[in-house]
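Following the hints, put chains B and C in place on chain A, whose structure we already have.
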Amino acid sequence: MIGESTEERLSRMPHLSRRGFLVAGGVGALSTILAACSPKSSGGTSLGPSGSGAKNAVGAVLPKGAALTDQQYYVQPFDSTGATYKALDFYETVYSRAPLADEFNIPLVRLDPNYNIVPGAATSWTQAANGLSWTFKIRPGIMWSNGVEMTAADYIATLRYSADPKHAWDFTWFWSGVIKNYAEAVAGKVPDTAIGVKQGADKYTLVIETEGPIAFIPSACLYTTPLSAVALEKYGSGLYNIDPSTCVSCGPYILHTFEPTSTIVLAPNTKYTGPFKPPIDYLIGNIYNGGDMLPRFQTGEVDTFNASALDLKVVAKTPSLKDLKVYKNPNDFEIWYTFFNCETAPFDNMKVRQAFAHAVDRGPLIDSLLAPLAIPAYGYLMPGYPFAVSTPLEKYTNYDPSLAQQLLSEAGYPGGKGFPSVTFNWWANAASNTEEVVQALTANWNKVLGINVELQEMDKTTFYAKMNHIPTQLQMGFVSYGMDYFDASNMLSVYKSGGRHNWDNAQYDSLLAKGAAESNTAERQTIYTQAQELLTDQAPGVFIFHLLYGYLYWPYLEGQALAANQLGYDGIQWPGLFATSSSLTELYVADNVSSYTRQNESGVL
Amino acid sequence: MLAYLGQRFLTLLLVMLVLTMVIFGLMHAVPGGPFNMTQQPLPPAAMANIMRKYGLSEPLWRQYLNWLWALLHGDLGIPFEDPTTTVTGLIAHAWPITLIVGGITIGVSYIGGLIVGCVSALRHNTWIDWLLTSVVSTAGVALPSYVVGFLLITVFAVKLGWLPAGGWGSPEDVILPVIAFALYPMALMARYTRASTLEVTYSDYVRMGRARGLSDRRITTRYILRTSLIPLITIMGPNIPNILTGSIFIEATFALPGLGQYFTTASLQRDYPLIMALVLIVAALWGTCYILSDVAYTLVDPRVRIEGLSR
Amino acid sequence: MTAVTVPVPVTERRSSSSFWHAAWYRYRRNKLALVSGVIAVLILVVGIFAPILAPYSDSATNLNAVLAGPSAHYLLGTDQLGRDLLTRAIYGDRTSMTVAIGAPLIGAIIGLPVGILSGWFGGKTDFVSLRAFEVFTMVPQILMALLLISLFGSGLGKLVLFLGITAWVGFARLARAQYIALRDRDFVQAARALGVPTRRIVFIHVLPNAVGPMIVYFVQQIPATIFTAAGFSFLGLGVQDPLADWGKMINDGEQYLQVDLMVALLPIICIALATLSFSFAGDGLRDALDPTSR
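Chains as they are written, first to last, in this note's numbering: chain A, 673 to 1277; chain B, 145 to 455; chain C, 584 to 877.
Bound conformation, chain A alone (with noise of 0.2 Å):
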């Protein structure tokens, strides 16, 4: 996932929080009565009055079949619960963006709903001959709403800005190593004019300079999401950003209100001159500080929400609700796994790791407790993700008892004697229902191996902190990871050395320092397979579930970014309806919304 971690749009995204539960019960009733009371039935064959063909305030024309222009809001909910909202913008921070960030911009590229990187700003890159440098050829014409036009310069400033050691950017980990000269620019060893990212042959040429052959740049510069260079200088920061006086933006939106408690609004920029025109002109982001989303979803205050399952067998009670589809698509990609402290006994022994790896039965579990929101996971790449495999791995780590317990003995613990009792650590994450999922798998482990796991749950800062210290200070836990961009090299390298696992293989590293440099696919996806192969089978981690994430949206929401992809899934694709999506464009709001209640309760409109 790029940009937010994956806690981060967890507890964006509606889901039924820590605290969630309060409200889950009553509200679950709320929404069963509203439900027979609501006016909200499924009706849509009345078509409201037409819009299409008409232009709205950026100038898209509105496609056959959509509603007049003052229709064409999106609403959705966003959970702050655990969350900090600072910003608006990728490059001021990561972890603390408020909802409907980096929409001020356009990045140089872009992915479509087939996870393809796609032309953004940039109109096409080229790697250079002996592979140290990407050159990119931004598209003139393109305005800041102060009236200077988007260059490679505003691309320079912001990310000089984010390697500014004053700055403290919280996701420097992303360039560093990548860029030329990032990481020291971070350490305060050089000036952050340093950095290899540099004006080529003229004001439109962008030159980014790599430490080392890099093939995955484009994926990377999917968060290319700029800073405007003169606001930059002018304010210091990026917290320019976050007041609509002085937003400044060169996308299709523009700040109107930033109320991180309660409410964002962004309105389309007028002086708008790129060339993504999206039919939806106002976005607009309800905060809840917990409570279910549900009702908020039943009563035409929100467009859509994210459902958990557990929402889904709600929704699928409700008479006005249990004929909406069910859209379901990988999101960022998540696999939920548990790792080992592998260099401490007795996880420093792979046989015992690959005992457990061996006793996991996903079947029963992903059907009990999280269907239909989740697939089995073998290896650490969800199918679907550039270079997954997931057959060769199943041999590595398929529910076979016996053979789980003859590698116990093997390992010096005959059916389980003598092994010492392990600490398995968690933080509750309601939307994968971790609480259950760590029961049933310690239960599992429990029985198939004749040991004793013990629970510990944590507050989540306390859990990463562990986590992340080094070393690890945690012997067993369950965690998950989603992607920060497309390409293998970014998941996998979770498992590199010295990064927050501590399994430390030298080949594995080596495989992927020759998959990241490698620009042959086919080369690419041998040195990958291998890759994944090495880490399924000495399992420094037993790989349990891949969370898919369920959407529904009210029958009024129409277009190409809810259609099916080609690996079948649908609902809008990650990142989501961001600048850096071509879904943005592909979104509008149908002529059979007259038949449904919105609520609008910004006032905007």
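These are computed hints drawn from the structure, not numbers from a lab. Some clues are possibly wrong.
[To be verified] Far from chain C by the CB rule (all over 10 Å, computed), these chain B residues:
#1 P185
#2 I194
#3 V299
[To be verified] With a straight-line cut-off of 30 Å between C-alpha atoms, the simulated DSS-like cross-links for lysine-lysine are:
#4 B/K197 to A/K838
#5 A/K1138 to A/K1023
#6 B/K197 to A/K906
#7 C/K741 to A/K1138
#8 A/K870 to B/K197
#9 A/K1119 to C/K741
#10 A/K1067 to A/K1186
#11 B/K197 to A/K1138
#12 C/K741 to A/K1089
#13 A/K1067 to A/K1023
#14 A/K997 to A/K736
#15 A/K861 to B/K197
#16 A/K861 to A/K906
[Unchecked claim] These stretches of chain B come out as covered by chain A in the derived footprint (C-beta under 8 Å, 3 or more residues):
#17 163-177
#18 374-385
#19 389-402
#20 411-423
Here the structure is a predicted model, which means the values were calculated and not measured. Don't be surprised by glycine CBs; every beta carbon is placed ideally from N, CA and C.
Quick look at chains B and C alone, frame taken from chain A:
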């Protein structure tokens, strides 16, 4: 009296000072910091930058003194969890809501509990006593507030539609949260009132009074109530700061943007400036509550004498 | 009209054993208290003999039968992991009662002596106690719990210890208030004038008069402790899975209310039953022990 109060409050200030030092240390001793919730371990250079930016790289004693110095200038700092505002601003936004709900809760529960307890005691062992004791007193104590909240929402907001299910904006938003919040203190109040009243009712001096012909009402008000108030003050006094600082359960169930949630989130997210500010609030409230309780003992029962407190 | 005096007989008991006999007799006469007492004892017994009484082991999950209704296999149905609810309730009895009685007990053992001494003697003792009250109340419990757990891990015993140590303040303040109120009474002065030793006054004369609210408080702390423990469970600081605990079961079951009511309802019923029975038994006890009781 004034001298006594002055001396007590001065002592309280000193205790608070020492307390802030202890808690400052405690806060930093808990593993994890406000910037640790990252998926990957932050490279040391980046972590150093962040710590430096927020003043967290200085030695602990210097950070404490910085904080104290700012406090003396009325500056409580900027909360990590919402740097677009100040701690003072955050609290000023959230606390009034909690105070309104809390204030009404105290009124309803204390007075209601007093009445229920008295009636229960005076009608000891009749069906009224039984009913009030088991239903009010025990239900209030045996049901957690969020379950009560859920029931209230289901019945009144959903089925009957009389009242809103949550949020804060109109006057009727106050009703359901207060009911849910007040049930427990009211039950407590009722139990103690009943227990104390019973004890006194049957004591000799009251029997003596009755024997001598004093009217029931005079007995009740002059003798029973006064004496039974002492354990009441002891138990119910501390409930006041509790209620005035809000309950995270009530606030989450009814979506109230109050102060109660911050007590939990500030600790969990290691929001140091906010934690210190909340500690100050709690310390001031509780300290004052203890002082006033002691004073109240003497006011309520003239036989009570407290050292230093002359009447 | 002279003021009503407060004569309480200086010595009331003929002998210690007949005091207890009288108390027991008074208790037995109160039918409600008697029945409640029996139920309370039964609850404790179920907790003690949980492994024998429960139909399944306490960690027996069955992922093929989650959130099932009552059946021949599972008398009260199953929870979200397919565990028998009856078993969970029985083991929950054991955990919850351990916490709910253990913690207030520790609190009482520490707090009552402190409160009595501080209330009786006043002066420096009182000064120190008051400061202790303030410090213990003002340190944020969550921070303390986070630190202790990160250092020592959590577990049932540690939870009971933690809750007990934070509970002492309530008992101490109550005892202190009672003793402050009673120490200057006429009957105490009379006892002093008669030369009765202080220790006897404090424990034999004043305590029976003071003990009423203490019993009520102790009994009321039982459900309160269960919910405090449940509150800690939210933050991961309480009882650890898969240990059954009534408060935690309510927390966990809340989200399934739409799908299976019993998961949350059963622990609520259990807690209510425990609360009621201990309350009435406690009231009866207080009535029985109170020498001025009718």
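Verification of the supplied hints:
1. The claim that B/P185 lies off the interface holds: its Cβ sits roughly 18 Å from the closest Cβ of chain C, which is beyond the 10 Å cut-off.
2. Taking the minimum C-beta to C-beta distance to chain C, about 21 Å, the non-interface status of B/I194 holds against the 10 Å cut.
3. Distance check on B/V299: its Cβ is at least 14 Å (rounded) from any Cβ of chain C, clearing the 10 Å threshold; non-interface status holds.
4. Taken as a hint, the B/K197 and A/K838 pair is honoured in the structure, with Cα atoms around 7 Å apart against an allowance of 30 Å.
5. About 25 Å separates the Cα atoms of A/K1138 and A/K1023, which keeps this hinted pair within 30 Å; it holds.
6. Straight-line distance between C-alpha atoms of B/K197 and A/K906 comes to about 20 Å, which keeps the hinted pair within the 30 Å bound.
7. A C-alpha spacing of about 21 Å is found between C/K741 and A/K1138, which places the hinted pair at or below 30 Å, so the restraint holds.
8. For the given pair, A/K870 sits about 27 Å from B/K197 by alpha-carbon distance, which is consistent with the 30 Å threshold.
9. Annotation: proposed proximity of A/K1119 to C/K741 holds, straight-line Cα distance about 27 Å (limit 30 Å).
10. For the hint pairing A/K1067 with A/K1186, the CA-to-CA distance comes to about 25 Å; that is within 30 Å, so the pair holds.
11. Distance check on the hinted pair: B/K197 and A/K1138 sit about 23 Å apart at the alpha-carbon level, within 30 Å; holds.
12. For the suggested pair C/K741 and A/K1089, the alpha carbons sit about 28 Å apart, so the restraint of at most 30 Å is met.
13. For the given pair, A/K1067 sits about 15 Å from A/K1023 by alpha-carbon distance, which is consistent with the 30 Å threshold.
14. With a C-alpha separation of about 22 Å, the suggested pairing of A/K997 with A/K736 holds against the 30 Å cut-off.
15. In summary, the hint linking A/K861 to B/K197 is supported, as the alpha carbons are separated by about 18 Å, within the 30 Å threshold.
16. Restraint check for A/K861 and A/K906: satisfied, since their Cα atoms lie roughly 26 Å apart, inside the 30 Å limit.
17. With 4 residues bearing a CB less than 8 Å from a CB of chain A, the region 163-177 of chain B meets the requirement of three and the coverage assertion stands.
18. With a threshold of 8 Å between beta carbons, the proposed coverage of the region 374-385 of chain B by chain A is violated, since 0 of its residues qualify and at least three are required.
19. By the rule of at least three residues with a Cβ nearer than 8 Å to a Cβ of chain A, the coverage given for the region 389-402 of chain B holds, with 6 such residues.
20. Using a Cβ-Cβ cut-off of 8 Å, 3 residues of the region 411-423 of chain B lie near chain A, which meets the minimum of three, so the contact claim holds.
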